[in-house]
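A.B. asks: Read off the chains here:
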Amino acid sequence: MKSMTEAGYRIFGKSIPKRDSMDKVLGAARYADDLEFPGMLYAKLLRSKHPHAKVLRVDTSRAESLPGIRAVITAEDVPLNAYGYNFKDQVVFAQDKVRYMGDPIAAVAAENEEIAEEALEFIDVEYEALPAVFDPREALRPNAPKVHEGGNLCFHRKIRFGDVEEGLRLSDKIIEDSFSTGKMEHCHLEPHTGVAVFNDQEGLTIWSSWAMLFNVHGELARILKMPSSKIRLIHAACGGGFGGRNEVSLEPYIALLAMKTRRPVKMAWTREEEFTGSTTRHSYFLEYKTGVKKDGTLLSREVSMISDNGAYTQLGESQITKASIFAPGPYKIPHVKVDGYLVYTNNTVGGAMRGFGVPQVMAAVESHMDHIAEILGVDPLELRLRNALESGDRIATGQMLHNEQLKVTLARASEAAGWEKPYKKETGVPHIKRGRGIACMLYPIGLTEKPNPSAAVVKVNPDGSAVVLVGSADMGQGSDTVLSQIAAEALGMPLDTVALVSGDTKITPHCSGSVASRVTYATGNAIRRAADKAKGMLFEIAAEKLSVSTEALEAEDGWVSVKNTPKKCISIGTLAFTSYQLNGKPVVATAYFNPPNTLLDPETGQGDPFPAYVSATQIAEVEVDTKTGLAKVVRITAAHDVGRAVNPELVRGQITGGILMGLGQALTEEILLEEGRTLNPNFTDYLIPTAMDAPEIDAIIVESDEPTGPFGAKGLGEATNIATAPAIINAINDAVGIRIRELPATPEKILLALRKAPKRH
Amino acid sequence: MMKEDLVEIEFTLNGSTIKLKVKPNETLLDVLRHRLKLTGAKKGCDTGECGACTVLMDGKPVNSCLILAPKANGKDVLTIEGLGSRDTLHPLQEALINSNAVQCGFCIPGIIMSAKALLDEDPNPTREDVQEAISGNLCRCTGYVPIIEAILEASKKNSEKK
Amino acid sequence: MALRTIKPFKYFQPSTLVELLPLVEKFGSEGKIMAGGTDLVVQLKTREVPPLKYIFDIENIEELHYIRDEGETLRIGSMVKLRTLKASPVIRKKTFILAEAVRSMATPQIRTMGTIGGNLCNASPGADTAPPLLSLGARLKILSTKGERIVPIENFFASVKRTALRSGELVTEIIVPCQPDGYGGAFMKVGRRVGHDISVANVAVVVKLKKDCVEDVRIALGSVAPTPMRAIETEAFLKGKACDQGNITRAAEIASTEIRPISDIRASAEYRRDVVKSLIEMAIQRAAERIRGR
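Protein chains in written order, with the working numbering: chain A, 1 to 761; chain B, 1001 to 1162; chain C, 2001 to 2294.
Extracted from the complex, chain A is given alone in its bound form (with noise of 0.2 Å):
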């Protein structure tokens, strides 16, 4: 296999400083909190103060008449007071009823954000609380409350493949196990934020940033009733993402009130906000039960597992349906049976965070894997290696993979980290063990079941420079730079002559969204078939000057010459101001790419899913306190299948975010909700890892050519957050017998875990 530079590519594969990094070091970067309009009034949200009420009075008068006050509006303000990603159940603003302690209710745009805050307190809300429901597994029960209307359970997702009763009855061993895992909070840097501005000649623009940019337009304008021709969304700076800026936050509230008063109007959410407002990862109950071969060999594995959704859809049920393809975990199984509900509570609202479902099944079953592979006294790595997908094999949607590297990653990662090895577990210090763990994972590239196309529009200047133009808004990961890489590379051309302009719906084309660890595959794809589209244009006039057919033409850093024959060439700038200014054609091209996938079977669940797989190993090295239950990881080796690695930095920053992000989930995060009340809405108690937390990390990039993506690259973004926690988990089953089940694994739930074990040696 061809690495990068044997293949010759001079601008993918390599690590190219990030465009962006300059202006964020000397803070010039622009986030939306940084803008400022003149005459910019600014907004706040009251919120529900109880999780499930009707609301029978809101009276905004008195707010109205503060001075200061600028303009206070309520579901009566909304043009068309519904949204939602797939079902449209969730408000603007709550109208006769409120489902979770975060729905808005009104909001006010004053002179200054002290103001605005006061007026919250003067507008009057009467409530007739109702019977709430906060555990999942409660809502299902027949008398449970009705979050909806149709009832708690939002939506089932099913597999089926082959027949679990069969595999049971040919297993030597069936081994069972429940699992849990926490509602958790993105924690992006950056609160929400956005700016509206209205005026009657431009319609409404809106500076913020998503990673679902047309999603949210599509949207707001149906919610404004207005052609989404007359909105205009850009993406300013963004502070992160990770599944946190999927669907519409507070767009509405913003447009509304800038309409209204025909004034610029700022709204930025609170960290409390982000914690008890906007979207959550979803908190999972899961049972596992496997048939196996006393040789390790799976036959059968049912898993039955519930989402908390909360009050209302958002992507829950493409979420769940994820989920459930993965839930199985990376390996042949001949017979599956996977459950995925989907159900309403009144708690704070699941949406999308980084991996979708997929972390929370990941940590499970990786767990449940070293749970048999104990049972067995199988090595771990043996189990995995035994039972790993390969290209060829099928995954239980009966989709077959192609160019899987599930075995390599676990071949390399367990090389790296010296599995073989002999593993001292003392330290030196009595009280404190070390163990390590691993887990591998599969995680899909796309949108699950839906057509997620992405366009770009490449142009070429006569001076033989590029813009191209796509809708793949950048969260920070760098989509900006590495879709320039690819551009650059695609086009022939140096890279600092190709501009990106990305994220605004007036001016870049559709796409589906910076989301699925999609951007590299989807857009980059559609970057290259419209780069080939502008070449072909330039290679047509080459042709006939080199007096060549098109077949024999290359193009290579501003050039486009005769293949071994490189005296033979024209200027890139000739042939584009040839092309533009002496033929008449502007050498523009427009592409786009929609990776293919199939709606999966209702009742079955059989299908293809998604294009292309990457898959990974991780390997944790951890030391546990067994005085205070406190776990370190000292280590992790980290080996990703990301087919090429367009920018080899910044898919190393990918897995070093990833996995401290796995950290959190497996240690100490989680979002702790009482009668619908978030007890941690900050950073105080709500822990994500500090610099002092993070391990060492030796991060593998696993390359390989994927046949269906720009220039062989698939994705990582969130594969690499997916494996962390149990290789934890089980590291820290390793290191002194304990395996918690429910996540996070606290010191509290070690320490105690640790009483109630009976005595190791």
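Just so you know, the hints here were simulated from the structure itself, not pulled from any lab data. Some hints could be false.
To give an idea of the chain B side of the interface with chain C (calculated C-beta under 8 Å), a few residues [stated by the list, open to error]: (1) V1007; (2) T1047; (3) G1051; (4) M1057; (5) L1066.
Just so you know, these numbers come straight off a predicted model, no measurement behind them. Each residue gets a CB set at the ideal place from its N, CA and C atoms; glycine is no exception.
Keeping the supplied structure of chain A fixed, place chains B and C upon it in accordance with the hints.
C.D. replies: Below, chains B and C without anything else, positioned relative to chain A:
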């Protein structure tokens, strides 16, 4: 707000003396961002827990969101805007760019200030020293490792210069 | 805990105690003294402290910024920053467990502004400076227009976030007996992650051994009762006993019955009781080692 309730303060900001009338109930972060249009320091939590608002006061890192504006009186304040420029980057800024350690960048101005305070005091920190120095700066994108490496790299370059 | 902007107040920044005290006397009931602000500003934003009419910022009162070495006693001005304590050679040398505690606290940013006086007057049950000062037998100098009084630290904490300070009073100095010769000390804390965290439980021990027998011992605990506390019964048990594993374990047992931990979102009472035992054992052992090591 009555005019007489404003407090007059004088302090050094990025090397220049500034005289301002401030409201006592606004924070230094608010003054920097809204009054002085220095938006490099960010509001990530407003309660001193995330460090995105970190600036240096008399050479030491502080959460500007916890400093009521009048407290800045008589102090020497340094923000990210006062550190380097496009043509003369501080070694920390250069190292972060070159190693591609910057992702969304929201934490970066604060981290740079904390790291600068560290290097000014200890030009040869260990990895643990760096971890401690930026322990008050949360980052969700990078996992810290590339940033720690960049800071160590910058400290080596700094020492080489001397 | 909705986050709010801070409502306007009248701000005073006196430069001397003479300027400050009459202000606090007159307006103290409707205002608060602000030291570093790292607790107060947050509390104003969360409205844990309701809007104030006055704030008296004592940052620039030079008279409160000092560390005086008087041989067997250190006098620490209440405005001394945690950062200064952490870096101070005399604190390290003479009241090592205080340095040990400060090193484990908060973040560099908080330590720059936070003060020892502020940490004590905020009176969180888990305040990290409290156990070392309790075990060293510190006293607090409290000043008002009416004069000065000295309060032993064990009488200073009234209940959760409440102190013995009356209206119009402020703490000006912490009088700390230096850890005497022949004593060893240790401070330890438990948090929820490897990175810095609020203490779920903390302990400070000073111990004197004579032929490996406990001649004197003082054990102070935090986060396991409404206020930082001395483990009096545990101390009584240990005095005169051999400093061996058996007695240390027994002592830890007794301590776990003396404390009154609660279950909160940070930890359960059960966990606190358990982990306190380990903390005490480890702290006593470490303190003893430090004597023997000399």
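A.B. asks: Output the numbers, in ascending order, of every earlier hint that fails for this structure.
C.D. replies: Result: no hint breaks.
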